[in-house]
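Given the structure of chain A, go ahead and fit chain B onto it with the hints provided.
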Amino acid sequence: MFQQIMDIISLWALPAILILILTYGLVKKVPLYEVFTEGAKDGFKVAINIIPYLVAIIVGISMLRASGVIEWIGTLLAPILEFFKIPTDVIPLMLTRSLSGSATIGVFSDIAGNPDSNFYTTTLAAVMVGSSETTLYVLAVYFGAVGISKIRYALLAGLLADLAGIILAILICRVMFLN
Amino acid sequence: MNYIFYFLIVISIVAGAINGRLADVVSAILSGAQVSVKIALSLIGIMAFWLGMMNIAKKSGLIEVIAKIIKPVTKRLFNEIPEDSPAIGDIAMSFSANAFGLTNAATPIGIKAMEELQKHNVDKTTASNAMCLFLAMNTAGFQIIPATVIGILVGVGYPNPTQIIAPTLFVTTLAFTFAVIVAKILQRFWRPQMESEAQ
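These protein sequence lines map, in sequence, to chains A and B. Number 93 in the working numbering belongs to position 93 of the first sequence; there are no gaps in the numbering. Number 122 in the working numbering belongs to position 122 of the second sequence; there are no gaps in the numbering.
Only chain B is shown next, with the shape it has when bound in the complex:
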């Protein structure tokens, strides 16, 4: 992450200077910082709402019920996490929210799942295998209906916008599966110590 951060900024400055767009690059610092805070602040309310709902689901035992239903799958994927951990139920909830395109709910629930995974993590600053896997699964962006895209297509008068649902679902399902396999393979080569030595 240190190198990524370094190169993002240094390459931008060098390339901006060459392209004669250094002023734009500098003003992007301010706008980027503002956008970050705006995103975080807009999360507060919806985060509070879903954390509240998830707390009810946890206290009532609903999360455990859901976790039990998908146990055959999660047991293999998240084999380092105890079967009865609330993390498993949270992960399941987070995927249901993602699959239905409920972005507002998916992010808070996903963060909640990450917090549960953190409780099982030994080194609190280094991502565990389970956390990397959960993240990779999330970045694949699995959802049944790409609502935003369809909305835009409807807006521009594209013929029969729903015809993109099937190919999109095909791509996202395979990319999702691929993410899981890649994460499982990479965890063998990337033990936690290696990253700390590289720092």
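Chain A with its partners taken away, still in its complex shape:
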């Protein structure tokens, strides 16, 4: 039941928004086609403006991933995590979650698809991935689009929230799924 409702919401959310915007516009006598194309003109400009910021962040992260630093940190963290009964398989996930969306999905598919992963590991990984957004990508895109280069505490706040998310995921999964 819940599942069906959720499926319907997922399917209809976007079409419903479109119908709402267009119908409301029509009722208010907005020249829809003209106003749409006028707004759409900026699409190119905005997308191009982001490129320098994306290049800086994504190249940096690609280099970091290629260098093996993430594996080092993983090795360092392993004893601590084992103490808290956290499966070491999810360590790469915890580290890439804030950095790279495609890498996170890759690591997650790996854990989920691995026949040796147990139910708890897969569940914990799923909750960790599902509750996160790629902080550095969001930062590069959103601030890049408006030309912000001095980010103040924005990254720190985002990373702290990511850390809180990881800890919460571990706690709730222990309560709900680990017996």
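These are computed hints drawn from the structure, not numbers from a lab. Where is the CB? At the ideal position from N, CA and C, for every residue including glycine. Treat the hints with care, as some may be off.
Unchecked claim - Below, a list of computed lysine to aspartate or glutamate pairs in the DMTMM-like style, where the Cα atoms sit at most 20 Å apart:
hint : chain 1 : residue 1 : chain 2 : residue 2
1    : B       : K59       : A       : D42
2    : A       : K85       : A       : E34
3    : A       : K29       : B       : E64
4    : B       : K59       : B       : D84
5    : B       : K59       : B       : E83
6    : B       : K38       : A       : D42
7    : B       : K119      : B       : E83
8    : A       : K41       : B       : E115
9    : B       : K68       : B       : D84
10   : A       : K45       : B       : E80
11   : B       : K71       : B       : E83
12   : B       : K119      : B       : D84
13   : B       : K59       : B       : D24
14   : B       : K68       : B       : E80
15   : B       : K119      : A       : D42
16   : A       : K150      : B       : D123
17   : B       : K59       : B       : E80
18   : A       : K150      : B       : E115
19   : B       : K59       : A       : E34
20   : B       : K71       : B       : D84
21   : A       : K28       : A       : E38
22   : B       : K71       : B       : D123
23   : B       : K75       : B       : E64
24   : B       : K75       : B       : D24
25   : A       : K28       : B       : E64
26   : B       : K124      : B       : E64
27   : B       : K59       : A       : E38
28   : B       : K184      : B       : E64
29   : A       : K150      : B       : E80
30   : B       : K59       : B       : D123
31   : A       : K29       : A       : D42
32   : B       : K184      : B       : E83
Claimed, not checked - Computed list of chain A residues with no C-beta within reach of chain B, every gap over 10 Å:
hint : residue
33   : V59
34   : P79
35   : I80
36   : K85
37   : P87
38   : D89
39   : D116
Below, chain B alone, put in the same frame as chain A:
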């Protein structure tokens, strides 16, 4: 940001050299740069579409209606932004899109909201409190249904994949709340001048 950029690259090179993976690190420059352009180019079309739709929503007054509905919340969170600013409505739209997992719509609308916030910003290269808060809220990745994750779980034959919805929602809601609180606390310690002095 200067230090982050420096350390990302220098640490990668040093660690790559130690691990004997320097060649991989160097080739990552090319692949990373290509990925960046690919992402930006793929944004052009969908960005144009949603900017067009948002323009209709703005001209028809729909954005104002939405902004009015959530005013009690946004007034407190974004207290530096005038109540009647289109930024408030855009922020609301961006969150609705995020919550429903409409990533394709959420990014363009979020960027649009950021542009509106930029209009209220005094120093155009430094992020305002409102911008940092909006960003922190976005990085918490609040969404009702983690569709991608469920899709992968279905693919590998995980038993009853929808059972992760409730715990995920719990985590993402709390992380989101935490992001707001952290941003509100940090803004007291991190005045715009401090960052410019550090440059």
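Report task. Take the C-alpha atoms of K184 of chain B and E83 of chain B, compute the straight-line distance between them, and say whether it is at most 20 Å. Result -> holds, 19 Å
Query raised in the report: Is the hinted pair K184 of chain B and E64 of chain B satisfied, with a Cα-Cα distance of at most 20 Å?
Result: violated, 25 Å
Query raised in the report: Straight-line Cα separation of K45 of chain A and E80 of chain B no greater than 20 Å?
Result: violated, 28 Å
Query raised in the report: Does K75 of chain B pair with E64 of chain B here, judged by a C-alpha cut-off of 20 Å?
Result: Given that 20 Å is the threshold and the Cα spacing comes to 14 Å, the pair holds.
Query raised in the report: Straight-line Cα separation of K59 of chain B and D42 of chain A no greater than 20 Å?
Result: Given pair K59 of chain B, D42 of chain A holds - Cα atoms ~16 Å apart, limit 20 Å.
**Report entry** Pair hint K28 of chain A and E38 of chain A, alpha-carbon separation not exceeding 20 Å
**Finding:** holds, 18 Å
Query raised in the report: Are the Cα atoms of K75 of chain B and D24 of chain B separated by 20 Å or less?
Result: Not satisfied, since the Cα-Cα distance of roughly 49 Å exceeds 20 Å.
Query - Straight-line alpha-carbon gap K59 of chain B to E38 of chain A, limit 20 Å - result: This hinted pair holds, its Cα atoms lying about 11 Å apart.
Query raised in the report: Beyond 10 Å from every Cβ of chain B: is that where the Cβ of D89 of chain A lies?
Result: About 14 Å separates D89 of chain A from the closest Cβ of chain B, which puts it past 10 Å; holds.
Query raised in the report: Is it true that the CA of K29 of chain A sits at most 20 Å from the CA of D42 of chain A?
Result: Not satisfied, since the Cα-Cα distance of roughly 23 Å exceeds 20 Å.
Requested in this report: Run the C-beta distances from I80 of chain A to all of chain B and say if the shortest one exceeds 10 Å.
Outcome: I80 of chain A clear of chain B: closest Cβ-Cβ about 21 Å, beyond 10 Å.
Query raised in the report: Are all C-beta atoms of chain B more than 10 Å from that of V59 of chain A?
Result: Violated: least Cβ distance 4 Å, not greater than 10 Å.
Of the numbered hints listed earlier, those contradicted by the structure are 2, 10, 13, 17, 22, 24, 26, 28, 30, 31, 33.
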